[in-house]
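Full structure from sequences and hints, please.
Letter by letter, the chains look like this.
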Amino acid sequence: MSHVAQVNLKKLKPYGDIMDDGTIQVAFTLPVEPSPEAREAALILCQKMGLEQIKIATMEKAADGFALFVVYGNLKHTVDYTQIKVLKVEAQKRSRDEIDEIIKTQIGRKLVVLGACTGYDAHTVGIDAIMNMKGFAGDYGLERYQWLDARNLGAQVLNEEILKLAVQEKADAILVSKVVTQHNIHQKDMKDLMKRADQLGLTEKIIFVAGGPRVTHPMALECGFDAGFGVGTKPSEVASYIVDEFLRRKNKGAQGASGKSEVIQEDGAKRAAKGRSKKAKKKGRK
Amino acid sequence: MAHLALDKQVVNRCRDLALKIAGPIEGLIATHTTVAIERATLRLLGVEGAVKHAGQWFPEVNVIVEDLRKEGVLGSGVLWWFVNGMIQEKMTASELASAVAQRKIRLTQLPEASADELTKKARDLCQRAIDLLVERRKQRDALRAQLKDPFDPEGKNGPLLYVIVATGNIYEDAIQGRAAAQAGADAIAVIRSTAQSLLDYVPHGATTEGFGGTYATQENFKIMREALDEEGRKLGRYIRLTNYCSGLCMPEIAALGAMERLDFLLNDAMYGILFRDINMKRTLVDQHFSRRIIALSKIVIHTGEDNYLTTADAVENGHQVLASQFINERFALHAKMSEDLMGLGHAQEMDPEHPNVFLLEIARAQMTRDIFPKSPIKFMPPTRHKCGDIFYSHLMDAMFNFVGVLTGQTIQLLGMPTEAMHTPLLQDRWMSIKNAKYIFNGAKDLGSEIAYRPGGMIEKWADKVLGETLSHLEMIEKKGLFRAIEERAFAEVSRKETGGKGFDGVIGRAPGYLNPFFDLL
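Taken in sequence, the protein lines are chains A and B. Going letter by letter, the first sequence gives residues 1 to 286 in our numbering. Going letter by letter, the second sequence gives residues 1 to 521 in our numbering.
Hints are computed from structural coordinates only; laboratory data are not their basis. Since the model is a prediction, treat every value here as computed from it, not as a measurement. Virtual Cβ for every residue (Gly too), placed ideally from N, Cα, C. Hints may be right or wrong, so weigh each one.
Label pairs and their in silico Cβ distance ranges [claimed, not checked]: (1) A:Glu33 - B:Gln56: 36 to 46 Å; (2) B:Arg128 - A:Met133: 50 to 60 Å; (3) B:Glu316 - A:Leu9: 42 to 52 Å; (4) B:Glu226 - A:Leu9: 33 to 43 Å; (5) A:Thr216 - B:Glu95: 53 to 63 Å; (6) A:Gly50 - B:Met457: 49 to 59 Å.
Structural data, given as structure tokens:
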């Protein structure tokens, strides 16, 4: 018999060293001088966050007129873990050889993939890790795939430029990396790209993939993309998704009108996000 | 301080190769100008106004230079036309600039003064501009002397604590910069709004909106300088101000930095080519004029070799960094800069899980220190292998600080626990400064207490990197710099000679090209 309480997924809480103690740490700065009043203000704010048994671990003077706090407390709130649904990219895990083999046998031509940091974004670390030969964490980049024609366009590529090139080169997929996120510029840029793609009738022809430290799959869907990948994504995961999605679309096309709408409805339900459902509807009308 | 036993002959051979590599480029520099050099020239003469076009402010210098370029007469130098205008219209530089920018006067349609008269007047104007820059430099030096100034190019006082601010709002930046100085920072950089490097003009006035940073403008420089001077006086410690002298407006930023008393400028002979896809010729011609101004104002530059290690593997590419440092050093010498102004950059970017990673990092850092003993070495923190685990990141920064103090680095850009998440918050910076102060103090003289084991892992790694650097420079020298860059000599990036942004702003000098700054600087 276990002498410790088991986790209650219906009422999940943070764990410190005893089940359901709810212990969390918070650090923040208040724009006032350190003082007993500042400490009290921090305490009250933490109470409002839902903390109990609050311990102000430290109050430091970070600068004239700024007090920094590190706080521990026990969170009152719980969450029902069993009710959580998260949109995830659907793709199988495969090796580079497996992916090349699928493209060779099931598609029979190279898939054209364009990658870029778009808009004002000049941070190519992410797109380089995915696209360049060398890859990332021992996983080779898309340029290394025999059956991918992968081209890294680099930084600060305008949305209209990448779409123009995509049409010219008959791209099958576009990878967009967004690193700079101040004022949500990444989302604005992503939505702008999809608006332009929609106007050009490219959303069905091309698979749109976003990546970046602040990119999530649901966020990418909301911006009208087909998939979003966050930090730590390996090139083979992206390649595998592209192949899966390409085949999904190809098969949909082959199934004819009635089968198609069925698949799309299923799609629409699965992908509740706004931008995506709009796109799915449009597909249904066609 | 412990030193590595490096093969001096190999080092000398590398320097010879850098000289040969830069040779053909120096020919290019002597026969060309750029729109940015011409604009910087006008700015040095005090032209700083702007005109409104379609709701946006454009600098007068852009209107003037662009008109001449379109007419195909910029090869004579903007001063040829502009100084003639001043003579004919009997106007000051700023009066004439505003009349031309408002299209009240066309410079090419005026009667022409004699070449002698033009040259003499231009020379007088340029000399006055230089006197002004020297005056600004003296003011800066006086303030440094008056306050405590911990900076020593050779790194003998321990690494300088250098942090960035990047709120997008210059007034908020001033608050953040002051806070950092209070916490112990010695130098503050205001990160530029992303992609400012690709604007072919310098924005005008104080700015409160930016993306990933704050626009570099003359007014913003002033606001920040004032704030840091005031804070420095309060703290009894001189606080250095840094900005970015790169991109399409490199020479103009150098001019503005000199006028507004900046201390550090990020300036690299090749960075724009590789990482911003700016045309090679444009960048190489621009960097020269920028550095001539920088040399006069005794601003310390920071070169950008750290970027090679963020885009390519840091364990494998140490030789690219060193090769580029030799080339940067050569171009800087050509622009009359002294070694104590060359902040040669590198970074601690190796995979933290690589076996004995600190030994390799120490080898690279010590090697850089020992090969450029008089230069202020600029050491950049881990970024590539950082993620949202701020606790681990903080630890990585601690080890970076340890390597920095051990190997006598001069300028240490402090890493942030929240690197790869957001531009630093006040508390992030405070944590980083506390981290650095702790380690810089605790290991202050460790470097003088140890010796590197002859034939040991550290020495061998440094030898290996130096050897690879020599081969790399030999390859570049054989191919020529342009072809070498095209064939991915640096950072695995390929650029073409006529590709990239700003190529149409490179102009062959016409016979009689007039720009006395080239003689006077």
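Hint check:
1. Checked against the given bound of 36 to 46 Å, the beta carbons of Glu33 (chain A) and Gln56 (chain B), roughly 42 Å apart, stay inside it.
2. Hint check: Arg128 (chain B) to Met133 (chain A), Cβ distance near 55 Å, so the stated range 50 to 60 Å holds.
3. Taken as a hint, the range 42 to 52 Å holds for the pair Glu316 (chain B) and Leu9 (chain A), whose Cβ atoms sit roughly 46 Å apart.
4. Between Glu226 (chain B) and Leu9 (chain A) the beta carbons are some 58 Å apart, a value that contradicts the proposed interval 33 to 43 Å.
5. A beta carbon spacing of about 57 Å between Thr216 (chain A) and Glu95 (chain B) agrees with the range 53 to 63 Å that was offered as a hint.
6. Distance hint for Gly50 (chain A) and Met457 (chain B): a CB-CB separation of about 52 Å, consistent with the stated range 49 to 59 Å.
Checked against the numbered hints given earlier, this structure breaks only hint 4.
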